[in-house]
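Engineer: Each chain is listed here by its residues.
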Amino acid sequence: MKEIATEVIRSPGYWSTVLRRFARDPVAVIAAAVVLGLILMAVFAPWLAPQDPLQGMTLRRLRPPGTEGYPLGTDELGRDMLSRLIHGARISLFMGIVPVFAALAIGATIGIVAGYAGGWTNTLLMRTVDVFFAFPSVLLAVALAGAMGPGILNSILALTLVFVPPIARVAESVTTGVRTRDYVEAARASGAGALLVIRKHVLGNVLGPIFVYAMSLIAVCMILASGLSFLGLGVKPPLPDWGLMLNTLRTAIYTQPLLCALPGVMIFITSISFNLMTDGLRSAMDIKA
Amino acid sequence: MLAYAFKRILFTLPIMLGVSVVCFALVHLAPGDPLVSVLPPDASQSIKEQMTKLYGFDRPYHEQFGRWVVRAVQGDLGTSIRTGRPVSAEIGKAVGNTLMIAALATFIGFVLGCLFGFVAGYFRDTWVDKSASAAAVFGVSVPHYWLGMVLVIIFAAQLGWLPPTGAGPGGSEAWAWDWVHVKHLILPAVTMSVIPMGIIARTVRALVAEILSQEFVAGLRAKGLSELGVFRHVVKNAAPTALAVMGIQLGYLLGGSILIETVFAWPGTGLLLNDAIFQRDLPLLQGTILVLAMFFVVLNLAVDVMQTTLDPRIQRA
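Sequence lines, in order, name chains A and B. Take the first sequence: its letter number 257 is residue 257 in our numbering, and every next letter is one higher. Take the second sequence: its letter number 256 is residue 256 in our numbering, and every next letter is one higher.
Derived by calculation from the structure, the hints in this document are not laboratory data. Model, not experiment: these values are computed from the prediction. Where hints are given, some of them may not hold.
As the list claims (entries may be wrong) - Keeping only pairs whose Cα atoms sit at most 20 Å apart, straight-line, the calculated DMTMM-like set for lysine to aspartate or glutamate is:
{"no.": "1", "chain 1": "B", "residue 1": "K236", "chain 2": "B", "residue 2": "D178"}
{"no.": "2", "chain 1": "B", "residue 1": "K7", "chain 2": "A", "residue 2": "D130"}
{"no.": "3", "chain 1": "A", "residue 1": "K236", "chain 2": "A", "residue 2": "D25"}
{"no.": "4", "chain 1": "B", "residue 1": "K130", "chain 2": "A", "residue 2": "E185"}
{"no.": "5", "chain 1": "A", "residue 1": "K236", "chain 2": "B", "residue 2": "D275"}
{"no.": "6", "chain 1": "B", "residue 1": "K130", "chain 2": "B", "residue 2": "E210"}
{"no.": "7", "chain 1": "B", "residue 1": "K236", "chain 2": "B", "residue 2": "E210"}
{"no.": "8", "chain 1": "B", "residue 1": "K183", "chain 2": "B", "residue 2": "E215"}
{"no.": "9", "chain 1": "B", "residue 1": "K130", "chain 2": "A", "residue 2": "D52"}
{"no.": "10", "chain 1": "B", "residue 1": "K130", "chain 2": "A", "residue 2": "D130"}
{"no.": "11", "chain 1": "B", "residue 1": "K93", "chain 2": "B", "residue 2": "D76"}
{"no.": "12", "chain 1": "A", "residue 1": "K200", "chain 2": "A", "residue 2": "E185"}
{"no.": "13", "chain 1": "B", "residue 1": "K236", "chain 2": "B", "residue 2": "D311"}
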């Protein structure tokens with residue numbers, strides 16, 4: 001046996017090309033940095049926040065931003081606004097991201113199975129998905145959360161169900177496109193089983209686009225989740241959540257307008273950063289919107 | 001064409017059935033006894049049984065569902081627990097108000113979205129495109145309920161130009177097309193319009209850019225057609241998709257008006273839904289959701305058929 005020495009010259013892979021193209025887009029890079037910053041803020045909230053977000057002082061209610069010791073003022077129960085906004089990142093980001101990933105797992109599975117199997121399986125799965133797609137997303141989220149009652153878990157369940165249909169649809173259409181390619185046909189013709197073909201040939205080609213699509217839903221999910229809390233259907237007081245804070249501060253709209261608007265600024269910054277980051281990722285991967 | 005429309009309607013029927021199953025299931029998804037909001041906590045066992053029988057909750061699910069659907073088709077959605085009036089009457093009163101702000105918002109969003117989209121698509125990668133695209137990103141990213149609050153702070157609380165809430169002076173619900181009433185319409189409709197604005201601007205920008213890169217445009221220019229003439233061709237090609245997106249957006253706004261209507265206390269279906277949820281008025285909740293969802297399904301169908309009619313290139317199986 002003779003050893004064959006081979007020198008592998010690696011051409012830059014797909015993902016490193018994508019990353020390089022992403023890095024050339026300044027807007028996307030800044031957006032990604034903001035997202036990272038927000039995530040770090042959520043993780044290190046207890047160390048960053050100057051005060052306890054739950055401890056209020058009734059004597060110091062509704063102080064305007066700039067008050068000594070309270071750089072962003074105090075809320076309707078005299079709690080430090082800055083600390084509540086920092087801590088709010090935890091629940092708000094959690095509620096914006098978790099439902100999308102849960103829906104990604106479920107929706108991608110449904111879509112890939114339906115797209116790969118075709119025929120009756122496809123019809124059955126996709127028509128069921130269509131029923132949930134027939135509801136406007138806000139209506140479906142509100143209806144489900146409203147029927148199940150307020151709470152973090154119920155909101156997450158409701159939002160997950162809202163995002164399964166769109167993800168399943170995208171997954172199904174990408175998979176159907178890949179399934180008829182020659183190399184998949186070839187793999188099947190050579191006797192590979194369905195699971196093997198899906199794992200080796202289909203997943204690698206469909207997960208990228210499905211993932212990017214799911215990423216683009218995080219901004220929507222953030223707005224929807226905060227919206228549920230704003231309606232009183234999501235996070236329950238006294239937990240700090242940006243949507244809930246907007247709701248409870250609404251009464252102070254005439255007395256402390258600047259203060260009331262602050263939680264919404266955080267929701268806005270988060271959702272616009274996720275949107276710009278995903279736009280950059282999408283054009284780096286050259287996926288048409 | 002007719003055959004296609006017929007086929008499409010036929011495909012919509014199972015969706016409608018599915019939607020009504022989901023709406024029906026919502027009540028049974030609710031934790032606890034569905035009658036909990038009707039009965040006083042100290043109601044006797046015999047009264048409980050009577051009420052259960054009256055509402056039909058003692059029958060098997062499929063029978064309850066069947067009766068509910070048959071009545072719903074006839075326009076009977078049950079009785080509101082809160083007001084004692086028929087649910088269909090409550091919805092009928094509210095749906096006009098929601099349609100009013102949703103239609104106005106869609107119109108504003110369509111005009112601005114098309115403007116931004118065309119400008120951005122025509123002057124790609126210039127500062128004009130960048131600012132128009134920024135407006136579009138703003139539209140799809142801003143939490144609109146917060147934007148509503150900000151507008152109330154500016155135009156109602158600070159400047160005092162427009163009323164912050166309600167649909168008429170002194171909370172009256174009788175609508176009239178005079179300035180006193182129209183004033184109430186402005187803030188909710190403008191707030192709502194940012195979503196369709198953003199989405200339509202993005203769609204139109206991509207459409208225009210794609211159309212302009214096609215060979216027939218180069219051909220039109222080569223034969224000496226004026227820019228205005230070329231523009232007309234672009235509009236004609238972009239119109240079916242843009243109009244379709246507009247139609248779908250109207251449906252989203254109608255169904256998703258709850259947040260805006262809560263901010264502005266606008267007496268539409270969203271506020272009705274809000275009341276139904278918090279007072280656990282289940283027949284009202286079920287009925288409102290059913291009507292809004294059905295409206296969305298029918299609108300989707302209409303948009304689809306319209307798009308196929310306008311654009312013969314779309315070949316649908």
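Engineer: Now tell me, hint by hint, if it's right for this structure.
Structural biologist: Status of the hints after comparison with the structure:
1. B/K236 / B/D178: It is violated: about 37 Å lies between the C-alpha atoms, which goes past 20 Å.
2. B/K7 / A/D130: 17 Å, holds
3. A/K236 / A/D25: Roughly 40 Å between the alpha carbons, so the hint for A/K236 and A/D25 is violated.
4. B/K130 / A/E185: 44 Å, violated
5. A/K236 / B/D275: Given pair A/K236, B/D275 holds - Cα atoms ~18 Å apart, limit 20 Å.
6. B/K130 / B/E210: 17 Å, holds
7. B/K236 / B/E210: Roughly 13 Å between the alpha carbons, so the hint for B/K236 and B/E210 holds.
8. B/K183 / B/E215: 48 Å, violated
9. B/K130 / A/D52: Violated - the C-alpha atoms of A/D52 and B/K130 are around 42 Å apart, more than 20 Å.
10. B/K130 / A/D130: 36 Å, violated
11. B/K93 / B/D76: Given that 20 Å is the threshold and the Cα spacing comes to 15 Å, the pair holds.
12. A/K200 / A/E185: 13 Å, holds
13. B/K236 / B/D311: Given pair B/K236, B/D311 holds - Cα atoms ~10 Å apart, limit 20 Å.
Violated hints, in rising order: 1, 3, 4, 8, 9, 10; the structure is consistent with all others.
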